[in-house]
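Based on the provided sequences and hints, a complete structural model is requested.
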Amino acid sequence: MKLEGTNTLPASVNTVWKTINDPEALRRCTPGLKELKEVAPDTYEARLEIGVAAVKGAYTGRLAITDKRPPTHYIITLEGSGGPGFMKGQGTVDLEREGDATLVRWVGDIQIGGLIAGVGQRMIGGIGKMLIGQFFKCLEQTLGGAAPAGGGGPRAGGDAAGSGEVG
Amino acid sequence: MSTRYVGARIPRNEDPRLLQGHGLFVDDVRLPGMAHMALLRSPHAHARIRRIDTDRARDAPGVLAVYTHADLGALGNPLPKLIPHPSLVHHKTQYALAPDTVRYAGEPVACVVAESRYAAEDAVDLITVDYEPLPVAATLEQAIAPQAPLVHEDIGTNIAARYAQRVGDVEQAFAAAPHRFRERLVIDRGASCPMETRGVVASWDARAGRLDVWDSTQAPIPIRNGLAAMFGLPQQNVRVVAPDVGGGFGPKIMMFYPEEILVPLAAMRLGRPVKWIEDRRENMVATNQEREQIHDAEIAVDADGRILGVRTVFLYDAGAYIPYGLIVPIVASTTLPGPYRIPNYHCEFTAVFTNKTTVSPYRGAGRPHGVFVMERLLDRVARELRVDRTEVRRRNLIQPDQFPYDVGLIYQDNAPLRYDSGNYPACLDRALEIIQYAEWPARQGTSRSQGRYLGLGVACYVEGTGIGPYEGCRITVEPSGKVFVATGVGTQGQGHMTSFAQIAADALGVAPRDVAVYTGDTGLFNWGTGTFASRAATVAGNAVGLAAQAVREKARVVAAKLLEAPAEEIELEGGRVFVRGVPARSLSLGEVALAANPLRFAMPPEWEGPGLEAIRYFTPSQGTFSNGVHACVVEVDPETGMLTILRYVVVHDCGRVINPTILEGQIHGGVAQGLGGVFWEKLAYDAQAQPLSTTFMDYLIPTSAEVPPFEIDHVETPSPLNPLGVKGAGEAGVIPVAAAVAQAVEDALAPFDVRIAEMPLSPNRLRQLIAEVRRTT
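Just so you know, the sequences run in chain order A and B. Using our numbering, read the first sequence as starting at 1 and increasing by one per residue. Using our numbering, read the second sequence as starting at 1 and increasing by one per residue.
Rather than coming from a laboratory, the hints here were simulated on the basis of the structure. All C-beta atoms, glycine included, are put in the ideal place defined by N, C-alpha and C. Among these hints, one or two may not hold up.
Which residues of chain B face chain A? A few of them, derived with a C-beta cut under 7 Å, are [what the hints assert, rightly or not]:
{"hint": "1", "residue": "P43"}
{"hint": "2", "residue": "S116"}
{"hint": "3", "residue": "D125"}
{"hint": "4", "residue": "Q688"}
{"hint": "5", "residue": "Q690"}
{"hint": "6", "residue": "P691"}
{"hint": "7", "residue": "L692"}
{"hint": "8", "residue": "T694"}
What follows is the structure in structure tokens.
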């Protein structure tokens with residue numbers, strides 16, 4: 001499943017670059033991410049809880065950032081497996097100056113297998129887009145864009161970002 | 001022998017029991033202390049197993065055992081190879097639990113036995129498997145490409161077998177032919193979707209050394225024999241019962257599925273009965289599938305459309321393993337010639353491993369493919385030569401005086417493909433008459449002028465049925481007068497309790513309701529191969545007939561003494577045994593049975609033993625060949641791509657009809673399944689061979705809203721190959737549906753000049769095809 005899109009973040013390229021390399025920001029903004037433990041530079045052990053359609057479940061896996069060309073380009077890979085199957089996503093992120101802001105271009109590929117593929121495949125495109133949307137919305141708030149919704153807690157990117165349950 | 005009941009439209013013996021909810025399906029088997037199994041299945045289509053951690057699962061509440069391949073001991077070998085063939089060089093079968101590599105999504109990796117299915121499923125989630133994903137051969141074309149990922153690394157190829165058969169001199173025929181036409185035809189995967197999924201219950205009695213197994217299978221006796229061999233038990237100590245089976249359709253003739261070994265193993269190890277019932281999602285990945293083939297086919301004809309030669313070279317998707325051998329592609333290649341005279345024929349297939357669920361016969365078992373290819377080729381001939389499509393067929397039909405007709409090929413039973421009897425032109429004429437073919441151009445014109453796109457399709461087929469090696473039957477008359485018939489072939493809804501009863505009733509002069517038929521219980525009959533290849537009525541039916549005749553003769557011999565008349569003058573009718581012409585001198589059949597089993601005094605030597613009982617076998621040397629013609633009228637909405645079946649006509653010849661109601665039921669079900677495979681049902685896989693249609697939300701089965709009423713007629717050309725003159729009918733309904741509907745859709749969309757070269761279709765696909773034509777014109 002290929003996905004791509006662009007988002008504009010209200011900060012300079014350098015600031016955006018720093019934020020998308022900051023484990024704390026990643027932890028806060030990746031939807032459904034429950035744990036993120038750095039095991040090596042740019043490599044993390046991750047625990048996610050995500051629901052796809054009727055299939056909700058926990059996944060453990062690895063998040064890695066590779067192919068870094070600061071401050072404009074990296075590849076982020078997230079793979080996890082758990083009871084409902086496995087998921088593997090890879091995204092190429094490119095930053096580009098756009099006035100005072102930064103244009104983020106991303107191209108992603110999501111693979112899922114097992115129960116989530118059999119039951120949730122028809123949703124995965126929409127869900128992928130939604131999760132990525134939540135990720136950027138959260139970054140936007142982190143970078144001082146729109147005010148955090150609700151109580152302004154760390155998972156301010158909306159309810160779905162917090163629970164990782166969609167579809 | 002009078003045939004009061006054979007041929008009669010009598011209600012089914014089994015229906016009162018089934019309709020009152022008194023059927024016994026595997027899930028109805030509930031034994032004291034029964035534990036439940038759940039399986040962990042691979043989420044990957046291809047992966048190496050690095051490590052399996054079962055500790056947390058073992059510690060989970062209610063868990064009794066967790067098994068992986070390492071726990072299987074002597075049962076850890078590859079599962080039995082069912083049907084070998086000299087051309088099948090790589091006869092790969094799977095393991096009960098994968099040892100180191102998984103080759104399709106759904107392959108069992110571990111199993112948990114727990115106090116409840118709930119606990120077992122929860123514990124399955126606690127097993128962690130470290131997989132190393134491997135590259136995937138998802139499609140036939142990927143799998144045969146150079147450098148393709150290998151499904152079985154050790155054999156260095158994805159090709160399991162290549163096999164060719166030929167008749168005449170095809171090269172010469174094609175070289176000399178005035179017209180040659182070529183088509184590439186693709187049929188995709190489908191699932192059989194029985195209402196009752198698979199299921200196994202096993203119970204081990206350690207004191208008696210006896211294993212009882214209830215299995216939703218089409219082959220209880222071979223399962224019994226295999227279990228006895230694998231577990232080192234005497235066959236007589238293993239009883240396998242296929243009670244009521246809620247649909248078989250072929251995949252349940254497969255043996256062994258892993259669960260058929262794991263459940264008995266767990267029951268023996270734990271000393272408790274164990275049950276596993278397949279859930280629907282498992283059924284869509286772990287029960288064998290069928291239908292994926294790609295044919296490159298060519299036909300050579302003379303100026304009048306007479307066939308000079310046909311050849312097809314095709315790829316057959318075996319899935320990840322090939323336990324059932326080459327039956328499906330052999331049936332496809334030998335069904336292709338159908339009712340036509342084809343002097344020169346070449347068929348050649350390559351059986352290919354892919355990282356998908358294993359393939360074995362599903363109702364039709366290659367026959368729909370053969371018919372689809374042949375009929376598409378003839379449609380092409382009709383179009384190119386501007387000859388009426390039914391006329392092209394008529395010119396090539398084998399004529400009634402040409403039987404027996406030797407096609408020149410070897411059939412799936414390893415015997416020559418020799419049609420025994422038939423009247424192909426009569427079936428075609430009758431179908432055209434019912435569908436009012438002569439008036440069709442006018443009717444189609446009228447509908448087109450109203451902006452409606454109606455099309456008519458006609459397709460012919462021959463169905464190989466009733467193959468050996470044998471089936472048997474034991475008939476016993478009890479002193480109550482009731483007749484008990486026991487046979488090895490199980491029933492999965494085919495009405496054996498009625499049609500076999502009709503056969504026995506005629507011979508014994510009783511009513512079918514007084515005949516109790518027992519099938520699918522190895523404790524009641526010891527010999528048999530199973531219910532497959534539309535063979536039960538022919539092979540087991542004739543065994544019933546032979547056994548009933550033998551019991552009748554015995555009854556006459558016994559009654560001759562009791563009634564003091566020559567045996568030749570004894571008649572059986574209405575449950576009475578009497579001297580011909582003197583009905584007053586009579587006994588009930590039960591009284592004769594009682595007398596045949598004396599407690600004391602010498603027995604007349606001509607009785608040759610006690611009781612009114614006989615066992616007989618029927619061992620046909622070759623199959624019998626049914627045939628038929630389907631005709632349908634469809635409507636296509638070019639805007640939505642939606643297909644509506646307006647009329648569906650079936651004219652069918654399966655020899656002598658035992659029970660028209662049962663036969664029509666078989667045809668209804670078959671056509672409905674055929675229609676499913678034409679437009680609604682498609683097993684979708686993604687590029688990584690992940691199954692995407694594992695629920696009925698994604699895999700659409702036609703309902704009564706989609707399936708039209710059927711118009712059915714019979715032509716009866718008895719088979720000369722068996723005493724009853726019957727032929728098989730179980731798969732007939734499904735066989736020509738794709739061919740008939742393809743032609744009808746093309747006919748409906750003639751203004752767009754759309755060509756159908758694939759099955760199944762869908763609204764999307766039809767719209768796409770219309771759009772493609774619009775773009776290029």
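Practice item. Check each numbered hint against the structure and report the violated ones by number, ascending. Key: Result: hint 2 breaks, nothing else.
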